[in-house]
Amino acid sequence: MSFSTHVLDAVTGRPATGLLVRLEHEGRVVAEGHTDRDGRIGGWEPEAGVHRVVFDTGGYLTDTFYPEVVITFTVTDPGDHYHVPLLLSPYAYSTYRGS
Numbered sequence: 604m605s606f607s608t609h610v611l612d613a614v615t616g617r618p619a620t621g622l623l624v625r626l627e628h629e630g631r632v633v634a635e636g637h638t639d640r641d642g643r644i645g646g647w648e649p650e651a652g653v654h655r656v657v658f659d660t661g662g663y664l665t666d667t668f669y670p671e672v673v674i675t676f677t678v679t680d681p682g683d684h685y686h687v688p689l690l691l692s693p694y695a696y697s698t699y700r701g702s
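Using my numbering, you'd call the opening residue of the sequence shown number 604 and step up by one each time.
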């Protein structure tokens with residue numbers, strides 16, 4: 604099982620480089636890091652169950668309505684890959700289950 608994310612800045616049309624992201628499971632941080640120059644983080648290995656991925660958008664965008672974006676998802680299949688992308692702007696965001 605693995606987890607990855609890809610964050611795109613909708614204002615600039617570029618990857619969100621250096622954005623702090625953490626993965627939480629059962630109230631504890633299980634992984635943390637910054638997006639690379641392509642706006643990606645990968646290779647994290649979550650356990651089965653409910654997780655939260657927290658994006659520190661306030662640390663990335665200087666003027667944003669959302670200081671953080673939290674996406675809660677469930678890992679059900681231990682052999683599957685979980686990709687949670689984020690499209691980000693100061694006053695909106697969008698996500699989906701990627702592949």
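None of these hints come from the bench; they were simulated from the model. In this text, a Cβ means the ideal position worked out from N, Cα and C, and glycines have one as well. There could be a bad hint or two in this list.
Stated by the list, open to error - FRET-style restraints, in silico, Cβ to Cβ: (1) Asp666 / Arg631: 20 to 26 Å; (2) Ile674 / Asp641: 17 to 23 Å; (3) Val614 / Val678: 27 to 33 Å; (4) Gly616 / Val653: 22 to 28 Å.
**Q.** Outcome of range test on Cβ distance (Val614, Val678; 27 to 33 Å)
**A.** 31 Å, holds
Q. Could one say that the CB atoms of Asp666 and Arg631 fall in the range 20 to 26 Å?
A. 32 Å, violated
Q | Cβ separation of Gly616 and Val653, checked against the hinted range 22 to 28 Å | A | Given about 33 Å between the Cβ atoms, the range is violated.
**Q.** Consistency of beta-carbon spacing, Asp641 to Ile674, with hint 17 to 23 Å
**A.** Given range 17 to 23 Å: holds, Cβ gap about 20 Å.
Checked against the numbered hints above, the structure violates hints 1 and 4; every other hint is satisfied.
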